[in-house]
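One-letter residues, chain by chain:
2 protein chains.
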Amino acid sequence: MSRLADIMKEKDAFYRNNYLSGISIDCVVFGYHEKSLKILLLKMKGAKKWGLPGGFVRKDLPIQEAASQILEERTGAKNIYLHQFKAFGNLNRSEDLYEGMSKELWFNDRFVSLGYYSLVNFKNVSPVVDDMSDECEWRDINDLPPLMMDHEQIFDEALIQLRRDLNYKPVGLNLLPEKFTMSELQKLYEIILDKELNRGNFYRKMTRYGILNKLDEIRKGGAHKSPNLYTFDLETYNKALENGLQESW
Amino acid sequence: MSRLADIMKEKDAFYRNNYLSGISIDCVVFGYHEKSLKILLLKMKGAKKWGLPGGFVRKDLPIQEAASQILEERTGAKNIYLHQFKAFGNLNRSEDLYEGMSKELWFNDRFVSLGYYSLVNFKNVSPVVDDMSDECEWRDINDLPPLMMDHEQIFDEALIQLRRDLNYKPVGLNLLPEKFTMSELQKLYEIILDKELNRGNFYRKMTRYGILNKLDEIRKGGAHKSPNLYTFDLETYNKALENGLQESW
Chain A
1 MSRLADIMKE KDAFYRNNYL SGISIDCVVF GYHEKSLKIL LLKMKGAKKW
51 GLPGGFVRKD LPIQEAASQI LEERTGAKNI YLHQFKAFGN LNRSEDLYEG
101 MSKELWFNDR FVSLGYYSLV NFKNVSPVVD DMSDECEWRD INDLPPLMMD
151 HEQIFDEALI QLRRDLNYKP VGLNLLPEKF TMSELQKLYE IILDKELNRG
201 NFYRKMTRYG ILNKLDEIRK GGAHKSPNLY TFDLETYNKA LENGLQESW
Chain B
1001 MSRLADIMKE KDAFYRNNYL SGISIDCVVF GYHEKSLKIL LLKMKGAKKW
1051 GLPGGFVRKD LPIQEAASQI LEERTGAKNI YLHQFKAFGN LNRSEDLYEG
1101 MSKELWFNDR FVSLGYYSLV NFKNVSPVVD DMSDECEWRD INDLPPLMMD
1151 HEQIFDEALI QLRRDLNYKP VGLNLLPEKF TMSELQKLYE IILDKELNRG
1201 NFYRKMTRYG ILNKLDEIRK GGAHKSPNLY TFDLETYNKA LENGLQESW
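Residue numbers (the working numbering), protein chains in the order written: chain A, 1 to 249; chain B, 1001 to 1249.
Hints were generated in silico from the structure; no laboratory data involved.
Hints are supplied without guarantee of correctness; some may be wrong.
[As the list claims (entries may be wrong)] Derived coverage of chain B by chain A (criterion: at least 3 residues anywhere in the stretch with Cβ under 8 Å from a Cβ of chain A; other residues may be distant):
hint, stretch
1, 1189-1200
2, 1207-1218
[As the list claims (entries may be wrong)] Below, computed lysine-lysine pairings styled on PhoX-like, alpha-carbon distance capped at 25 Å:
hint, chain 1, residue 1, chain 2, residue 2
3, B, K1103, A, K195
4, B, K1123, B, K1169
5, A, K205, B, K1205
6, B, K1078, B, K1103
7, A, K103, A, K9
8, A, K195, A, K169
9, A, K78, A, K9
10, B, K1123, B, K1048
11, A, K59, B, K1009
12, A, K9, B, K1059
13, A, K59, A, K35
14, B, K1239, B, K1169
15, B, K1205, B, K1239
16, A, K195, B, K1169
17, A, K59, B, K1059
18, A, K35, A, K9
19, A, K179, A, K239
20, A, K78, A, K103
21, B, K1169, A, K169
22, A, K103, B, K1059
23, B, K1078, A, K59
24, B, K1195, A, K239
25, B, K1179, A, K169
26, A, K179, A, K214
27, B, K1009, B, K1078
[As the list claims (entries may be wrong)] Chain B is nowhere near these chain A residues, computed Cβ spacing over 12 Å in every case:
hint, residue
28, D6
29, M132
30, R204
Small disclaimer: the values here were computed from a predicted structure and weren't measured.
Every residue gets a Cβ at the ideal spot worked out from N, C-alpha and C, and that includes glycine.
Starting from the given sequences, assemble the full structure and let the hints guide the process.
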């Protein structure tokens, strides 16, 4: 019996008493650092594959708060932006993880998982290992290892959703540092959309929205001409997102 | 005790044995008829308010198939287009429906509900009353009665999602009859977006996408000049939706 099975047996009664049965939460936690879009992955004890961080819903919590709590425990960060995008409920979705374990275990029942994606400021997050996992770390979305269960599908769908949400959710605000250059913003869009964008068009569209404040500061120390720094104008940004930033990229 | 409570008591063991506990499905079924966007509503036995059609997930079915089955039973139509858009899991969301009923009932546990919206061809659907409901009928979205539980929230979010999905999902294809006029298509967009659109702009954008076939037929019998009929060109339409119809309206 693997160590994971031991832990699950030990915790069985606790989860049965305090958590909703048959419902789990899986989180695709996006962070952006050094021109690379990353997600948090963890390895459960004794598992061969990596997986998305997740957890369960306490009987006394709304699902959104349960998800917030899971993320806070995993990242050490509060008030993380998160968005529920889809529930995953195929049969046997956890088969490869719990193979050989008793069907009577609370953990080994059929679970429908609520998929959330979250956007975090990379610098505010310190990935935390818990008593069911050995490792927790950032991995570039273009260099992911094979994932357990249906987590590859959950990630794929989260990325599609994030792409569509660029026009409706404060994606840039939550992933970039407070001050950023136009080319840093463009690079983020290019990675999420998985295509190169024309620099002039991007500048014009972004400027036309009126959602950026150009600061009297420049980014120093680069090889090129020092670029201007920007922040989001929260009032116009939030207003624009209500109706959607209606440009195509 | 209301009649609904009697039925729930009678069915308790059956549901406990055959269905996932704590997970329900609620469907916002959109249909379009005579320039009016409607949804299916039903009244459960003894209930004061109307509600969305819904049901539960059989232990041997993926959630998507469970939703299909629920819709088929309720509408008599097969292969209905449906899209899962959000899970609803606040505490006490079913309080007003089950007030006064035993907490031990399977139906009166805490349920997280998976919200689906579906798009049906109005003419193919005959709303069906089942043994838990007295009435089932179409209601115009601009003239809805108060809804039970959190169903108003579920409807509101479905409509927002449908609005955003106009560019990504075959909304027109599923709601309109096979042949339609440009002004019928425009009217559908106007209702979903809740705003008037400029006729010339709409015509130009729709034509530019190349997703419509103009037929050698006209709609006869109207008061005005007989307008041309169109169908969707399925190949280009589906291809365009993959990337999203990137125009703002």
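Consistency of the hints with the structure:
1. Check on the stretch 1189-1200 of chain B: 0 of its residues sit with their Cβ under 8 Å from a Cβ of chain A, so the three-residue criterion for coverage is violated.
2. For the stretch 1207-1218 of chain B, the stated coverage by chain A is violated: 0 residues have a C-beta nearer than 8 Å to a C-beta of that chain, whereas at least 3 were required.
3. The hinted pair formed by K1103/B and K195/A fails the criterion: a straight-line CA distance of about 54 Å is larger than 25 Å.
4. Distance restraint check for K1123/B and K1169/B: the Cα-Cα separation of roughly 21 Å lies within the 25 Å cut-off, and the hinted pair is therefore satisfied.
5. Between the alpha carbons of K205/A and K1205/B the distance comes to roughly 20 Å, so the proposed pair stays at or under 25 Å and holds.
6. In summary, the hint linking K1078/B to K1103/B is not supported, as the alpha carbons are separated by about 36 Å, beyond the 25 Å threshold.
7. For a cut-off of 25 Å, the pair hint linking K103/A to K9/A stands: about 11 Å separates their Cα positions.
8. Under the criterion of a C-alpha separation no larger than 25 Å, the hint pairing K195/A with K169/A is consistent with the structure, at around 20 Å.
9. Distance check on the hinted pair: K78/A and K9/A sit about 31 Å apart at the alpha-carbon level, beyond 25 Å; violated.
10. As the CA atoms of K1123/B and K1048/B are separated by approximately 29 Å, the hinted pair breaks the 25 Å bound.
11. For the suggested pair K59/A and K1009/B, the alpha carbons sit about 23 Å apart, so the restraint of at most 25 Å is met.
12. The hinted pair formed by K9/A and K1059/B meets the criterion: a straight-line CA distance of about 23 Å does not exceed 25 Å.
13. About 40 Å separates the Cα atoms of K59/A and K35/A, which puts this hinted pair outside 25 Å; it is violated.
14. Proximity of K1239/B to K1169/B is assessed by CA-CA distance (about 11 Å); at most 25 Å being required, the pair is judged to hold.
15. Using a Cα cut-off of 25 Å, the hinted pair K1205/B and K1239/B holds, with the two alpha carbons roughly 16 Å apart.
16. A distance of roughly 22 Å separates the Cα atoms of K195/A and K1169/B; the hinted pair therefore holds under the 25 Å criterion.
17. As the CA atoms of K59/A and K1059/B are separated by approximately 22 Å, the hinted pair is consistent with the 25 Å bound.
18. For a cut-off of 25 Å, the pair hint linking K35/A to K9/A is broken: about 43 Å separates their Cα positions.
19. The hinted pair formed by K179/A and K239/A meets the criterion: a straight-line CA distance of about 20 Å does not exceed 25 Å.
20. Between K78/A and K103/A the alpha-carbon distance is near 36 Å, which puts this suggested pair outside the 25 Å criterion.
21. A hinted pair counts as satisfied when its Cα atoms are at most 25 Å apart, and K1169/B with K169/A qualifies at roughly 19 Å.
22. Pair hint K103/A plus K1059/B holds up; C-alpha atoms about 14 Å apart against a cutoff of 25 Å.
23. Of the pairs offered as hints, the one joining K1078/B and K59/A is violated, with about 37 Å between alpha carbons and a cut-off of 25 Å exceeded.
24. With a C-alpha separation of about 18 Å, the suggested pair K1195/B and K239/A falls inside the 25 Å cut-off, and the hint holds.
25. Between K1179/B and K169/A the CA atoms are separated by roughly 36 Å; this puts the pair beyond 25 Å, and the hint is violated.
26. Annotation: proposed proximity of K179/A to K214/A holds, straight-line Cα distance about 10 Å (limit 25 Å).
27. The straight-line distance between the Cα atoms of K1009/B and K1078/B is roughly 31 Å, outside the 25 Å bound, and the hint therefore fails.
28. Chain B leaves D6/A outside its interface by the beta-carbon criterion, the shortest separation being 27 Å against a cut-off of 12 Å.
29. The non-interface label for M132/A is consistent with chain B: the shortest C-beta to C-beta separation is roughly 22 Å, beyond 12 Å.
30. For R204/A, the shortest C-beta to C-beta distance to chain B comes to about 16 Å, beyond the 12 Å cut-off, and the non-interface label holds.
Checked against the numbered hints above, the structure violates hints 1, 2, 3, 6, 9, 10, 13, 18, 20, 23, 25, 27; every other hint is satisfied.
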